[in-house]
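If you read the sequences in order, they're chains R and G.
First residue of the first sequence: 0, per numbering that gives the first Met the number 0; consecutive thereafter.
First residue of the second sequence: 0, per numbering that gives the first Met the number 0; consecutive thereafter.
To be clear, the hints were calculated from the coordinates, so they are not data collected in a lab.
Note that the structure is predicted; figures quoted are calculated from it, not measured.
Ideal Cβ placement from N, Cα and C applies to all residues, glycine included.
There could be a bad hint or two in this list.
To spell it out: a stretch of chain R is covered by chain G in this simulated footprint if at least three of its residues, at any positions, have a beta carbon under 8 angstroms from a beta carbon of chain G; those stretches are [as the list claims (entries may be wrong)]:
no.: 1; region: 245 to 256
no.: 2; region: 475 to 485
Here are the in silico distance ranges between beta carbons for each label pair [as the list claims (entries may be wrong)]:
no.: 3; chain 1: G; residue 1: L153; chain 2: R; residue 2: E350; range: 57 to 63 angstroms
no.: 4; chain 1: G; residue 1: V146; chain 2: R; residue 2: M237; range: 35 to 41 angstroms
no.: 5; chain 1: G; residue 1: F66; chain 2: R; residue 2: T475; range: 26 to 32 angstroms
no.: 6; chain 1: G; residue 1: A103; chain 2: R; residue 2: G280; range: 42 to 48 angstroms
no.: 7; chain 1: R; residue 1: T475; chain 2: G; residue 2: F70; range: 26 to 32 angstroms
no.: 8; chain 1: R; residue 1: A245; chain 2: G; residue 2: W151; range: 42 to 48 angstroms
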Amino acid sequence: MEELGLLAQGFGIAMQPDNLLLMVVGVVLGVLIGVLPGLGGANGVAILLPLTFTMPPVSAIIMLSCIYWGALFGGAITSILFNIPGEPWSVATTFDGYPMAQQGRAGEALTAAFTSSFIGAFVAIILITFIAPLVAQFALRFGPAEFFAVMFLSFACFVGMGSGPPMKTLASMFTGFLLAAVGLDTVTGQLRMTFGSTELMRGFDFLVAVIGLFGISEILSSIEEGLAFRGRNAALNMKVVLQTWATFPRHLWLLVRSSAIGCWMGITPAGATPASFMSYGVARRVARDGNSFGSGRIEGVIAPETAAHAAGTAALLPMLTLGVPGSPTAAVLLGGLIMWGLQPGPMLFIEQKDFVWGLIASMYVSNVVGLIVVLVAVPWFAAILRVPFSVIAAIILVVCAIGAYTVKGAEFDIILMLVFGVIGYVMKKLNYPLAPLVLALVLGDRAEQSFRQALLLSDGSMGIFFGNWLVGTIMTLGILMLVWPVWSAVSRAWRVSHPARG
Amino acid sequence: MDEPAGRVEERGISIGLAEGVTALLLAGVGALAILDSLRLGMGWGEDGPQAGYFPFWLGVGLIVASFANVFLAFRSGIGRRIFLTWEQGRHVLSVLLPTLVFVALIAPLGIYLPSVLLITWFMMVLGRFSWPAALAVGAAVAVLAFVTFELWFLVPLPKGPIEDALGF
Chain R
0 MEELGLLAQG FGIAMQPDNL LLMVVGVVLG VLIGVLPGLG GANGVAILLP LTFTMPPVSA
60 IIMLSCIYWG ALFGGAITSI LFNIPGEPWS VATTFDGYPM AQQGRAGEAL TAAFTSSFIG
120 AFVAIILITF IAPLVAQFAL RFGPAEFFAV MFLSFACFVG MGSGPPMKTL ASMFTGFLLA
180 AVGLDTVTGQ LRMTFGSTEL MRGFDFLVAV IGLFGISEIL SSIEEGLAFR GRNAALNMKV
240 VLQTWATFPR HLWLLVRSSA IGCWMGITPA GATPASFMSY GVARRVARDG NSFGSGRIEG
300 VIAPETAAHA AGTAALLPML TLGVPGSPTA AVLLGGLIMW GLQPGPMLFI EQKDFVWGLI
360 ASMYVSNVVG LIVVLVAVPW FAAILRVPFS VIAAIILVVC AIGAYTVKGA EFDIILMLVF
420 GVIGYVMKKL NYPLAPLVLA LVLGDRAEQS FRQALLLSDG SMGIFFGNWL VGTIMTLGIL
480 MLVWPVWSAV SRAWRVSHPA RG
Chain G
0 MDEPAGRVEE RGISIGLAEG VTALLLAGVG ALAILDSLRL GMGWGEDGPQ AGYFPFWLGV
60 GLIVASFANV FLAFRSGIGR RIFLTWEQGR HVLSVLLPTL VFVALIAPLG IYLPSVLLIT
120 WFMMVLGRFS WPAALAVGAA VAVLAFVTFE LWFLVPLPKG PIEDALGF
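This is chain R alone, in the form it adopts within the complex:
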């Protein structure tokens, strides 16, 4: 068990006092970000990323990943107490969480949400600990064709399994790839799609896009109804916590199933949001009295929270092992790796053992830290939402502008951020999924590079993508994923026009 030894070493790094401190700071910031509208996990990490340039990479990723865990925890607070999902993946938590709070069972709902988040994350971390090294080992044999195939598969998954309508997913993805292509072409050194503008020569930075698409757009949609927060009071005492924990063994099967759904959806880039909905839906269908869901059932909180947190955590597995992130936040963290001078991909497990295992060990510790922080500090976090929206919104806008500027020190990026904000607002309202756009923007250059390198190796023959069983299998799976929505639409139309006879 080589992994266990490395993991123990990792714990040595993660438990260093300054790293522990960064963990607490990260988790608290993350919960704050998760609670506030307009500051999500991806966006929050993007804004803080430029501040970590001078830190050692391990400390930097520990802090940033803790922000992510904190945001995953924090989303549940607003869902349950205010019926406002702080994050998209906690929408499903409002269905039963808010009714529970209305019935005076807010403490029970919050404890259930936090604990199941913790369990979901824990299962995913164990999965990462033991599977990630194997995947990385395997991926060492990958050439450009295989890497392109993996990226092709993950984008095909968005179309086949994602939450958005397939055609809109495609449109969103193509836009992301096109934006990624703007600027200097690394293969030929030509300038592409800059149309003579010097500002566009730098290309579109995905951090700026993330801040606009997820931050500014969120503020715009929050204000639509002239938002006023009306929340329930939160008080967690030890008795409620223990009572709720005592009921957890009864939900063992639910927890296992939700974790499995979450891990699967996190590794394939479907992400935390569809995972939470799917898990909720399955729990409801499986339950004997499924109709009582939505009226304050604890299972309705456990299912989506477990899956969302498992998915959010599992999304780091492909990011670390293949350099293909499973969620927008994982994509932002991947951007961080590159900025700290690390090359994401399987070599990371060989060349940067301290970094990888420090991060994995920190995930164990930080989720414990996170659970304690949220259980203790819920009332304070809830109090933040009593600050009037006019104050919070203005401050968030300023913070977003500063974040967009600090990415590259370019004032033009603040304008871009605002443009992306409006685009994101409209696209979200029209049901265009935004995650494919962001991932395409992040991976665009690398996808194109692997594509072109592969074709260089094969003298321009597309046959290289089906050259051996491995790359052929991945490509075939990807094509099946792409065809899936077409197939299901055709078969549905067939069933409608040809009702079953007899």
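Using the hints provided, position chain G relative to the given structure of chain R.
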């Protein structure tokens, strides 16, 4: 999720219009990409695909997907429902317009003064705070940002004539 409730008495921008304009803009982006790839060469060079190959086919894909989306929206019959009521639009503009001014002012004035102005404006106009309270919060945020970024993390933010006059 964001399916707008199409109440009959409310008026505003229809979903059909919003879908159409969005698709048109995306198709426009696709067309720009195709135009530029033709300049770069979108074919097959000696060393594999040329620089314009990827963008060209992405552009084609984007245009096709955009038209498909308009067609699908038209066929689903939700085009007449309300995308944004005038009331909602007014709320959104009450945030968007001041933000626009804020961003426009950053180039000439640096980021600090516009931030104070934005926060003060939001609190006074949207939150109905008194001007001393609003100004105090705005100034506090600006000072906090200055201390955090310029002094603590040593990240310079945009500065204008006022910061120059103060000697930074």
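Results for each hint:
Given as covered by chain G, the region 245 to 256 of chain R fails the check, having 0 residues with a CB less than 8 angstroms from a CB of that chain where 3 are the minimum. Only when three residues or more bring their CB closer than 8 angstroms to a CB of chain G does the claim for the region 475 to 485 of chain R stand; here the count is 0, and the claim is violated. Between L153 of chain G and E350 of chain R, the C-beta spacing of about 30 angstroms breaks the proposed range 57 to 63 angstroms. For the pair V146 of chain G and M237 of chain R, the supplied restraint of 35 to 41 angstroms holds, since their beta-carbon distance comes to about 38 angstroms.
The hinted range of 26 to 32 angstroms is satisfied by F66 of chain G and T475 of chain R, whose Cβ atoms lie roughly 29 angstroms apart. At roughly 46 angstroms, the beta carbons of A103 of chain G and G280 of chain R sit within the given window of 42 to 48 angstroms. Roughly 29 angstroms separates the CB atoms of T475 of chain R and F70 of chain G, a value that falls within the hinted 26 to 32 angstroms. Remark: the range hint 42 to 48 angstroms for A245 of chain R to W151 of chain G is upheld by a beta-carbon distance near 46 angstroms.
In summary, the numbered hints that this structure violates are 1, 2 and 3.
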